[in-house]
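S.K.: Sequence:
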Amino acid sequence: MNFLNNKLFGILTSLLLIIFAATSCKKFLDVNTDPNNLTSSKVPYIMTGALSNTVRIQITSNVHVVAGTWSGFYGHSTSYTGGGNEKTYVVTNTQFDWMTTIYDNIYDYQKVIERADAEGVGFWKDPAVIMQCYDYARLVDIYGDVPFTDAVHDLSNLTPKYDKQEDIYDSLIIRLDNAMASMQAASWPTASDVTRQDILFGLNKTDWIHFANTLKLRLLLHQDFMGTRDAYIVSNVQSTANLGYLDKNVVIQPGYAATSGKLNPYYSLYGFDESNTVTTNFRYRKMNKVIIDWLKITHDDYRLQGLAWPQGTIVTSPLPTWPSTASSYTYKGVPMGAGSGASNSTSSAMGPFYIQRGVTSSQTGPLVLFTLAESKFLQAEAAVKYPALATDLGDPATNYNDGVHAHFRLVGNMCYEVGAGNIINNAGNTQADAAYSAYIAQPIANVNWAASSDKLRAILIQKWVSFVHINGLEAWTDYRKSSVTSENGHTFYSVPLDPRSQVGIGNEPVRMIYPQIEFTTNGNNVPKGIDHIQDSPIFWDVNN
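Each residue of the sequence shown is one higher than the last, beginning at 95 in this note's numbering.
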């Protein structure tokens, strides 16, 4: 179905979610003390489900793993066939329909916006607007021009126009500004039976404002290599910088449990089922040579053992301790496109960050949507790119170091000190703190601030590391926005080694092509002449 048909699907989905919530004594997304005696409206159920799906789409869909493959995170075991379209950059419009799922999510948020006032829960509208901005930005970053102004407002319009991607981005900035202003002026409820329905921030208005402002900063900095948007970027950052940015990790845990159908989705997709049986994805999806080699050559044993498993490991042993035994483990990444030499026994699988076999905290742990590390790296990037912003955002060196430190703590808390509170609040971890101190002191470019002649490259590479297992699309976006291809070679900022150099075939992808269903149902409006994933870069791509 296309995204407009998904409007109808979205209605049914929302209704089913409401019915399920109202009749189940122990439901997966538990947002009421007693679901059999409802004390809240339908909108909170829609919002809770939509938030859960936003994170699920980011982390467990092909959006993450394919984009992550093209960004140097993942590879393919040569013990299996398959993945040829990823390895060779040959994709047809019957593969990878990422549009449908994201529009379903947008439509759920639209129902919240339309119904909230009538149901007496108007405070949900601004968070729903923010999350729609999150989703629309993903669509632009994947496809470029997409339906926007006509997309979800009028069910009678089954053939909406496609809006220009630049216009959509500009509109998203305005919508985020309006949502932040509205939230500042609003009074939100504080009763626990209401706040618990917000599985991101517990209806903490300050956190929502910080999240919106950090998302705004991300979208502005997607455009910072263009050269033609500098004044626009600076003025828009300055206009809301005083509102602050994320000071915690954004995670959800909407009731994951160590039973069938309720496992942490990342664990169950890329790791093991409820009976601890290994999945095909765990054996097939491996870590890429680019990320593994970077962690090894920079002596980053702590994050290496958190993000990857030693080669051939099926996670039957406890986590390696740091630092005494980490160096005795062998880690090996798979070159993207490898046809041999990377079997299950000779390559590293996705690591204990999400996947520890049979460990309850791994089976039921939270999913991470947005990290404190990224927030700090974005602030550092903006201040380096535009020195006038240092007054508003703080010293870039401090933000850079804080970003690296935050990611060490996140890895440590996900692997060793699992608990939503520790992860959200970026709690201190003795091993993580010691590992960070040893790592950052090394006089290595793109590790130590003083040793890095190109500060922007250092920030983007460390931000790239922080996206592993969290946001492959954002890593791919940073790669595309900052990499320049010319007859004289390939210049890239956000990765230490060009992932494409391992493939040796064809031009690399710059976008995803529109799914076939769009040509079937809305063919007159779908942009023409985009037949390959190497066609028509996104507007912020410096190769556009």
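For the record, the hints were derived by calculation from the structure and aren't laboratory data.
Just to be clear, a hint being listed does not mean it is correct.
Straight-line Cα separation of at most 30 Å, DSS-like style, residue types lysine-lysine; simulated pairs [stated by the list, open to error]: (1) LYS622 with LYS258; (2) LYS426 with LYS390; (3) LYS258 with LYS479; (4) LYS426 with LYS479; (5) LYS258 with LYS390; (6) LYS181 with LYS479; (7) LYS299 with LYS136; (8) LYS426 with LYS549; (9) LYS390 with LYS181; (10) LYS479 with LYS390; (11) LYS342 with LYS356; (12) LYS181 with LYS342; (13) LYS342 with LYS299; (14) LYS342 with LYS258; (15) LYS136 with LYS356; (16) LYS255 with LYS549; (17) LYS342 with LYS549.
Now the in silico label distances, taken between C-beta atoms and shown as ranges [unchecked claim]: (18) GLY513 with SER281: 29 to 37 Å; (19) TYR174 with SER369: 16 to 24 Å; (20) ASP324 with GLY522: 17 to 25 Å; (21) THR373 with GLN536: 20 to 28 Å.
Where a beta carbon is used, it is the ideal one built from N, C-alpha and C, also for glycine.
S.K.: None of the hints should be skipped; say for each whether it holds.
M.R.: To see whether the hints hold, each was checked on the structure:
At most 30 Å may separate the alpha-carbon atoms for a hinted pair to count; LYS622 and LYS258 meet this at roughly 13 Å. Proximity of LYS426 to LYS390 is assessed by CA-CA distance (about 10 Å); at most 30 Å being required, the pair is judged to hold. For the hint pairing LYS258 with LYS479, the CA-to-CA distance comes to about 26 Å; that is within 30 Å, so the pair holds. Between the alpha carbons of LYS426 and LYS479 the distance comes to roughly 35 Å, so the proposed pair goes past 30 Å and is violated.
A hinted pair counts as satisfied when its Cα atoms are at most 30 Å apart, and LYS258 with LYS390 does not qualify at roughly 43 Å. Distance check on the hinted pair: LYS181 and LYS479 sit about 34 Å apart at the alpha-carbon level, beyond 30 Å; violated. A C-alpha spacing of about 21 Å is found between LYS299 and LYS136, which places the hinted pair at or below 30 Å, so the restraint holds. This hinted pair checks out: LYS426 and LYS549 have alpha carbons roughly 29 Å apart, not beyond 30 Å.
For a cut-off of 30 Å, the pair hint linking LYS390 to LYS181 stands: about 24 Å separates their Cα positions. Between LYS479 and LYS390 the alpha-carbon distance is near 29 Å, which keeps this suggested pair within the 30 Å criterion. Taking the CA atoms of LYS342 and LYS356, the gap is about 26 Å. The hint holds against a cut of 30 Å. Only pairs whose Cα atoms come within 30 Å are accepted, and LYS181 paired with LYS342 is rejected, the gap being roughly 36 Å.
Of the supplied pair hints, the one linking LYS342 and LYS299 holds, its CA atoms being roughly 14 Å apart against a limit of 30 Å. The hinted pair formed by LYS342 and LYS258 fails the criterion: a straight-line CA distance of about 34 Å is larger than 30 Å. Proposed proximity of LYS136 and LYS356 is supported: the alpha carbons are some 22 Å apart, at most 30 Å. Proximity of LYS255 to LYS549 is assessed by CA-CA distance (about 42 Å); at most 30 Å being required, the pair is judged violated.
Restraint check: the Cα-Cα separation between LYS342 and LYS549 comes to about 24 Å, which is no more than 30 Å; the hinted pair holds. For the pair GLY513 and SER281, the beta carbons lie near 31 Å from each other, so the given range of 29 to 37 Å is met. About 22 Å separates the C-beta atoms of TYR174 and SER369, a value consistent with the hinted range of 16 to 24 Å. For the hinted restraint 17 to 25 Å between ASP324 and GLY522, the CB-CB distance of approximately 38 Å leaves it violated.
Checking the proposed 20 to 28 Å range against THR373 and GLN536 shows it is violated: the Cβ atoms sit about 37 Å from each other.
Of the numbered hints given earlier, the model fails hints 4, 5, 6, 12, 14, 16, 20, 21; all others are met.
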